[in-house]
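Could you put the whole structure together from the sequences, leaning on the hints where they help?
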Amino acid sequence: MTTLVIAEHDNVTLKSATLHAITAASQLGGDVHVLVAGHGAKDVAQAATQVAGVARVLLADAAHLAAPTAENVAATALTVLPGDYSHVVATATGFGKNVLPRIAARLDVAQISEVTTIEAPDTFTRPIYAGNAFATVKSSDQIKVLTVRATAFDAAGSGGGATVEGIEAAPDCGLSKVTGQELTKSERPELTSARIVISGGRGLGSGENFKMIEALADKLNAGIGASRAAVDAGYVPNDYQVGQTGKIVAPDLYIAIGISGAIQHLAGMKDSKVIVAINKDPEAPIFQIADYGLVGDLFELLPQLTAELG
Amino acid sequence: MKILVPVKRVVDYNVKVRVRSDGSGVDTANVKMSMNPFDEIAIEEAVRLKEKGIAAEVVAVSCGTAACQETLRTALALGADRAILVESDVDLQPLAVAKLLRALVAREAPQLVILGKQAIDDDANQTGQMLAALLDWPQGTFASKLDIEGDKAVVKREIDGGLETVELKLPIVVTADLRLNEPRYATLPNIMKAKKKPMETTTPAALEVDVAPRLTTIKVVEPAKRKGGGKVADVKELVAKLRNEAKVIA
Chain A
1 MTTLVIAEHD
11 NVTLKSATLH
21 AITAASQLGG
31 DVHVLVAGHG
41 AKDVAQAATQ
51 VAGVARVLLA
61 DAAHLAAPTA
71 ENVAATALTV
81 LPGDYSHVVA
91 TATGFGKNVL
101 PRIAARLDVA
111 QISEVTTIEA
121 PDTFTRPIYA
131 GNAFATVKSS
141 DQIKVLTVRA
151 TAFDAAGSGG
161 GATVEGIEAA
171 PDCGLSKVTG
181 QELTKSERPE
191 LTSARIVISG
201 GRGLGSGENF
211 KMIEALADKL
221 NAGIGASRAA
231 VDAGYVPNDY
241 QVGQTGKIVA
251 PDLYIAIGIS
261 GAIQHLAGMK
271 DSKVIVAINK
281 DPEAPIFQIA
291 DYGLVGDLFE
301 LLPQLTAELG
Chain B
1001 MKILVPVKRV
1011 VDYNVKVRVR
1021 SDGSGVDTAN
1031 VKMSMNPFDE
1041 IAIEEAVRLK
1051 EKGIAAEVVA
1061 VSCGTAACQE
1071 TLRTALALGA
1081 DRAILVESDV
1091 DLQPLAVAKL
1101 LRALVAREAP
1111 QLVILGKQAI
1121 DDDANQTGQM
1131 LAALLDWPQG
1141 TFASKLDIEG
1151 DKAVVKREID
1161 GGLETVELKL
1171 PIVVTADLRL
1181 NEPRYATLPN
1191 IMKAKKKPME
1201 TTTPAALEVD
1211 VAPRLTTIKV
1221 VEPAKRKGGG
1231 KVADVKELVA
1241 KLRNEAKVIA
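Protein chains in written order, with this note's numbering: chain A, 1 to 310; chain B, 1001 to 1250.
These are computed hints drawn from the structure, not numbers from a lab. Mixed in with the good hints there might be a few duds.
Far from chain B, by Cβ distances over 10 Å, these chain A residues were calculated [unchecked claim]:
id, residue
1, Val12
2, Gly40
3, Asp84
4, Gly160
5, Thr163
6, Gly166
7, Pro171
8, Glu208
9, Ala215
10, Glu283
11, Phe299
Quick list of in silico lysine-lysine cross-link-like pairs, BS3-like style, CA-CA up to 25 Å [said to hold, decoys possible]:
id, chain 1, residue 1, chain 2, residue 2
12, A, Lys270, B, Lys1227
13, B, Lys1247, B, Lys1236
14, B, Lys1236, A, Lys273
15, A, Lys211, A, Lys185
16, A, Lys219, B, Lys1236
17, B, Lys1002, B, Lys1152
18, B, Lys1231, B, Lys1241
19, A, Lys280, B, Lys1231
20, B, Lys1241, B, Lys1227
21, B, Lys1152, A, Lys273
22, B, Lys1145, B, Lys1052
23, B, Lys1231, A, Lys273
24, B, Lys1145, A, Lys177
Predicted model only: the values in this text are computed from it and were never measured. Where is the CB? At the ideal position from N, CA and C, for every residue including glycine.
Below, the structure written as structure tokens:
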């Protein structure tokens, strides 16, 4: 039994998301191999060799893999799959969600998405209906393709001593090319790995008022998120969105400000260790899951909180 | 050009689902059903392309029980020209749906298949990518903007740190994200008109597709309940509790 983990990276650093996938892969039992498909990504492959539990790193280097499209990454993965592999794993990030179903379909197998528990090498538990139910499913396929939820598996540590093996990249499919990226520039911790996350909702009233959240986030070195309502209203970009169809976070401390707590939002944050909610409506559903609820006007309370932490 | 829009019938997003006490699944009897919200966005995008004169025909497809006719009527009321129901009582998993759609693509020869990025029931987020793989077409997933320029499409994609622009060679599969557009409401005259639009029914057997499930559900349970409901009186008490009780801030 051997698992292939598809690495997520920017040709320079191995993304922490992949460390969670490696932990999940280790739990499956067999050897863990990591595929790094990129261009000039030697350092990434080197970093992967140092991760605990990794037996082998496959490095495919080609100019057309510099910007990893699903078409080309899947094609390169399929040069080594199925082989002797029993599982293919990636973390359920934007990258993993884009690439893995393409691999699964080519292998003619089902994918199991957002796995939170590995019950057995063929049996997995995953959330459905925005986390309002958890289904345990058993796969009858020869190869199991899984995306795993980062918050459900710890990041793998260091201490590995694997070797890098070069493999041939599949030729450019010529179907798609990345022509631009607009990345949100931020000095703040990344939302999905931040220890503290502060999210704003419709109650903020405007994008301008998110500055109040920024001030608090600066004090706490926190990542900033938002409810879908706040994204819908245009206050902040979509990559801030926490929830069923946005990002899933589970920080030590989650502070929900002006968020009522629709089930779709709760799906993205209810596994946080400590939840604080500030809302003027005492009946808001967010209070039912908050450890510390504070009822009142956020425009008064938020500056007070920021000052108190000064 | 022709556009194919697969739509799924799901439990309405406002419904709080209940897990059956025997652990066999989620109770969907007597629950309000609707079109998957992301599929509504897909229909809207297709209809807008038709209104702009880029598309000639919008064909809605749904795979599932006879009740999916209702979802297809909604698609027709929103502006699709005709509908195809692939009727089956089998639990249709994403790979099976992708294969059914591949068979329909072979027959209908669309230049664009656009569907929601994820269905809000199984939260799988797979069907579009799988269909693209089976067809060997490029995929523009999690689209927040779609422009068709000649034989190319430019898709802005929602990625983890922001946006990515990809250029894709038609024919393509696009999956709709939240910000692609704001779907219209079906007007009464359009709901009436939709009743007269053509709807065809076919089956997996007629399309020669094996839809046998690959995953067996062993049990479905409710998530562990979170014990919340604690309140604090003011900011001072909140900060004190976070520092001394929860110990999550310094």
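Verdict on Phe299/A as a residue remote from chain B, using beta-carbon distances over 10 Å: Given a closest Cβ separation of 13 Å, the condition holds.
According to the definition I'm using, a residue is off the interface if its beta carbon is farther than 10 Å from all beta carbons of the partner; does Gly160/A meet that for chain B? 25 Å, holds
Regarding the pair Lys1145/B and Lys1052/B, is the alpha-carbon distance no greater than 25 Å? 15 Å, holds
Is it correct that the beta-carbon of Gly166/A has no partner in chain B closer than or equal to 10 Å? Consistent with the label, Gly166/A stays out of reach of chain B, its closest Cβ about 26 Å off (over 10 Å).
Is Lys1236/B within 25 Å of Lys273/A, Cα to Cα? 21 Å, holds
Agreement of Lys1145/B and Lys177/A with the hint, judged by alpha carbon distance not exceeding 25 Å: 16 Å, holds
Would you say Ala215/A is clear of chain B, with no C-beta pair closer than or equal to 10 Å? Fine: 14 Å to the nearest Cβ keeps Ala215/A off the interface.
Holds or violated: Lys211/A with Lys185/A, Cα cutoff 25 Å? 15 Å, holds
Beyond 10 Å from every Cβ of chain B: is that where the Cβ of Glu283/A lies? Holds, since 12 Å exceeds 10 Å.
Is the claim that Thr163/A lies outside the interface with chain B correct, judged by CB distances over 10 Å? 30 Å, holds
Are the Cα atoms of Lys1152/B and Lys273/A separated by 25 Å or less? Outside the cut-off at roughly 47 Å; violated.
Quick one, are Lys1002/B and Lys1152/B close enough, alpha carbons at most 25 Å? Holds, at about 15 Å.
Violated hints amount to a single one, hint 21; each of the other numbered hints is respected by the structure.
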